[in-house]
Amino acid sequence: MNPSLSLVQEMDAGCPVYALTWPPFSEVQFPTFKEMASQLNLAIREIQPRGPYRLAGYSSGGILAYAIAQRLLDQDETVSFLALIDVVLSSHPSSVSPTQMVQEVFLESLKVDDERFELLERLSGRSSISKFLEKAQKIGAIPLDRNLHNDILTYERAIQFQRALDSYQVPSLPIEAYQFYANEPLRHRARSRQNSADPEACSPLRGWDRVLSAKAIHAVPIPGDHITMMNVPANRQVLARCLLTALGQSATGAE
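Going by my numbering, 112 is the number at position 128 of the sequence shown; the sequence numbering is gapless.
Calculated directly from the structure, the hints in this document are not laboratory data. Think of the CB as a built atom: it goes at the ideal place given N, C-alpha and C, for glycine as much as any other residue. Misleading hints may appear alongside valid ones.
Capping the alpha-carbon separation at 30 Å, the derived lysine-lysine pairs in DSSO-like fashion look like this [claimed, not checked]:
1. 95 / 119
2. 18 / 199
3. 95 / 122
4. 95 / 115
Derived Cβ-Cβ restraints for the label pairs, each shown as a range [unchecked claim]:
5. 29 / 197: 27 to 33 Å
6. 23 / 92: 28 to 34 Å
7. 132 / 0: 44 to 50 Å
8. 77 / 23: 23 to 29 Å
9. 35 / 155: 15 to 21 Å
10. 183 / 110: 43 to 49 Å
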């Protein structure tokens, strides 16, 4: 099961929780972050026409949640809760291209020996995602009977999403946020990701104190690294309990 869906189930929030899907995808034109926020804002308001709104996002999805909050505030709506689940706000543009970044994220998910890992690492950023995945399948990193069509589409979307993210200028908003940060570092096998690690990734605030007051960010440690905080059931249960507690505090106005 998708870890995010498992998280929702384990929260037992006592209120409806909605997952926001990918925006419409086109090879010709992919929406900007502001356009995505506007599209998702319309979807949210079809279900709940007026605030207050409560939003959450994991990893780069947290920045999209912030962009949605920006859109809602621009419309004089109230955002009473914003959860950033291990969301890093980098202070400098990455030297790694969106294509290479997505390919290396895929690489990190593979359980392969060093020889095959290094072969695919040399290809990352130098070929299309389809050729990259086909090569991974050819050398046995992906099962030979697996249809790659959906994987290719998903990773192409991720590349376009990363490009939109790179061009988004994160504004300062009059809002408070919870940062549920992983208390263990994520160890990368890919050399370029090791060399381009964000210093903000070491801070519990994850760099958000550049656009928000440090007093407006409630940092909550969660066991595990960026991946295992969601994928390991025991860690995910801690995150679910902490989210519920934070939701209760936002509802009562308690600190």
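Hint check:
| no. | hint | result |
| --- | --- | --- |
| 1 | 95 / 119 | 16 Å, holds |
| 2 | 18 / 199 | 27 Å, holds |
| 3 | 95 / 122 | 15 Å, holds |
| 4 | 95 / 115 | 20 Å, holds |
| 5 | 29 / 197: 27 to 33 Å | 28 Å, holds |
| 6 | 23 / 92: 28 to 34 Å | 30 Å, holds |
| 7 | 132 / 0: 44 to 50 Å | 35 Å, violated |
| 8 | 77 / 23: 23 to 29 Å | 25 Å, holds |
| 9 | 35 / 155: 15 to 21 Å | 19 Å, holds |
| 10 | 183 / 110: 43 to 49 Å | 28 Å, violated |
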